[in-house]
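Using the hints provided, position chain B relative to the given structure of chain A.
Keeping their order, the protein sequence lines are chains A and B.
1 is the number of the first residue of the first sequence in my numbering; add one for each residue after it.
1001 is the number of the first residue of the second sequence in my numbering; add one for each residue after it.
One should not assume that every hint holds.
[What the hints assert, rightly or not] Below, a list of computed lysine-lysine pairs in the DSBU-like style, where the Cα atoms sit at most 35 Å apart:
(1) A:K152 with B:K1349
(2) A:K135 with B:K1004
(3) A:K11 with B:K1367
Derived from the structure by calculation, the hints contain no laboratory data.
Take a look at the letters that make up each chain.
2 protein chains.
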Amino acid sequence: MVEKRTPIPVKEAVKKVMDYKVEGNIEFVSILHSNNRFLAQDLTATSDVPHFDRSPYDGFAVRSIDTQTASLSNEIEFEVVDHIGAGFVSEKQIGPFQAVRIMTGAQIPEDCDAVVMLELAKAYEKNGRNYMSIKRSYQPGDNVSFKGEDAKTGDALVEKGTKINPGIQAILATFGYAEVPVVKKPLVGLFATGTELLEVEDELQPGKIRNSNSTMLAAQIERAGAEVKYFGKLPDEFDTCYEAVKSAVNEVDMLITTGGVSVGDFDYLPAIYEKMKAEVLFNKVAMRPGSVTTVAQLDGKLLFGLSGNPSACYVGFELFTRPIIRHMLYSKKPHLRKEKAILKADFPKANPFTRFVRATVSIENGKLVTSPSGVDKSNIVMSLAGANALMLLPGGTRGYGIDDEVDVFMLEDFVGSEWPW
Amino acid sequence: MVEKRTPIPVKEAVKKVMDYKVEGNIEFVSILHSNNRFLAQDLTATSDVPHFDRSPYDGFAVRSIDTQTASLSNEIEFEVVDHIGAGFVSEKQIGPFQAVRIMTGAQIPEDCDAVVMLELAKAYEKNGRNYMSIKRSYQPGDNVSFKGEDAKTGDALVEKGTKINPGIQAILATFGYAEVPVVKKPLVGLFATGTELLEVEDELQPGKIRNSNSTMLAAQIERAGAEVKYFGKLPDEFDTCYEAVKSAVNEVDMLITTGGVSVGDFDYLPAIYEKMKAEVLFNKVAMRPGSVTTVAQLDGKLLFGLSGNPSACYVGFELFTRPIIRHMLYSKKPHLRKEKAILKADFPKANPFTRFVRATVSIENGKLVTSPSGVDKSNIVMSLAGANALMLLPGGTRGYGIDDEVDVFMLEDFVGSEWPW
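Isolated chain A (complex conformation) (with noise of 0.2 Å):
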């Protein structure tokens, strides 16, 4: 009746799960909908920046040649014969001793090779024309902005995986990218299991829980960068259970469950699995919480069993699920990113297992600090909101306390470990 399981190490279950990574495919979309997406092709430059040679300031475009005996004792006179925008390009040929009034931003003209500051500039007017006069002198290329010095056509600008962000969008539209490849969002099934489960909207009933681990699961495949599919809440009854997951598996990238993983008479999942010939990498992980979590492959697609309790389910989407979605996402660092940080708190009790304790990271005169984020039973949904990063601790024989360094994986993160394990 009770079946024997044996627990595999982390590292190997995850190194399990990414035999069956696969990549994303490209899309194009709007520029107007392409923000937190993941780029799907290198970013390159598609012209200089500037692609002209342009002023940086408000001021007077002049010949420098004219400019080299000007001094604080020997004022040099310019006439203004042109006033240019930015937008705007002058037609004026410009000779000697003359200036083009010049806005930011604009295009430097031709016969022009520095620019004068608006400010070290005085500007008056004379016999109804306009000049301007100076008292230092000026370089070639002195406030200008040269075509190509910012990037030059075919440089690389971005790599591919990288999420677009706010700068991102400055270069897309920079270059002309109105349309955006991006990695078509994973689409990631879901299905609650539990005869225990309300709907949020229900009143609670005895011995029965409100299903809330549909709506954070979907949170987290959505801070993955994947889609959801919800399909549903199932009741712990094989045959509905078995015809909906087989259904279900051909609609979606890759099929996530919750609940039915455990050892008990009404924990379908592994049986599930068996029927439909699927192969079970591993259904038991020596780690607490989420040791049940039980991942299986079909014809290469994943369909992950998480456990039921909402912790154990949270860190066994993060560890095994998450970097599937990011591999697919074009991701080299698809993992949770691990950094070093200072223990806050005390565990002084020795613990067999490698614990992957719900924690808040944040910084205190530059270092990284931890602590738990709520009290640590696997059960307390609680201590979910304030996490930031799942702590590890590593079984063993003695407990950890204050001041220790233990490894932390960070959850609101982008930047991810390519193999932190």
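Just chain B now, kept in the frame of chain A:
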């Protein structure tokens, strides 16, 4: 012709803006659409969790009194008289030396007060009836998750102003928040001004550049938690700009324009503000980039005149507009989060101005380190792509070098600072 402007310190400028902060309105959205929104009310527990005594394990519920004499040499036998899964409640009365097969999460039968884990019991059949036996004793409460153990009705769970994350989604579901009180997204109007601006899809033309500020700002506005209403771009013509700005301001919570704020002949924003009878709070800030940032208020509504220069625009938004948005979203720490980081680059030249350098903050051995994210020229859009922070380099008589400690303002963050200046 050249207007004289007196720069004010950043701190003072931010303070002047914050004098016009207001709180946003509440709205209720389905839990399914609440992710990443900001809570408009404190969340409290609407019930105990668990709301019944529950079994944290698969096993057998027993009366602990019946186990007192159990030991390795004295195996005690129980008749298993019921079998309940999670979501079901046993209706049986449990007498001496009777037990109930119980699943993880199920309600403990009323007469029982301890749970024997499945792996510690020997289960068998005898004469068509179910039995199990144990070899150790149990105390009342052993392996029972008590009603209210995790949370009690009325407990404060999450503060208003908090961004909803996966953990909070779990809490919302657990406590039946099918409709979630969130802050209505502030609506931020956006104009780009400048005759030099092309649309993203346009071919480049001499003297003209594509409008990169609008998509960049739209992404910044979204990152801050607000919604953008993009009104398009405006040519450098006073009347057109005046009419457009005057009419747009009524439709939004605040209005951003980019460009038109420096001291050139075509920089109309100051004159537009004057004609609108808006009060200019400042028109020059002692910082680089972004010194020409102009902010005005009209009947308490803020008008942000950001620089047309991408980097200056970016910085101006993060320092001045973002805290107004975050305050509107009920954040008690609306400003960019300030931390200390170790500099990994040299800035040998002294600079008289307070500088905000686009920077990448990363972590080395648990310590924040920072280096500029690109060549530091204010017109270089490329340096914005890798920026996850702004490095603050106070102006003065010395440069900065490797291993100096500097302040950094974190951009991809939802913690914030109460007052970092």
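Tested hints:
1. Simply put, K152 of chain A and K1349 of chain B have alpha-carbon atoms about 27 Å apart, close enough for the 35 Å limit, and the pair holds.
2. At most 35 Å may separate the alpha-carbon atoms for a hinted pair to count; K135 of chain A and K1004 of chain B meet this at roughly 20 Å.
3. A C-alpha spacing of about 26 Å is found between K11 of chain A and K1367 of chain B, which places the hinted pair at or below 35 Å, so the restraint holds.
The structure agrees with every numbered hint stated previously.
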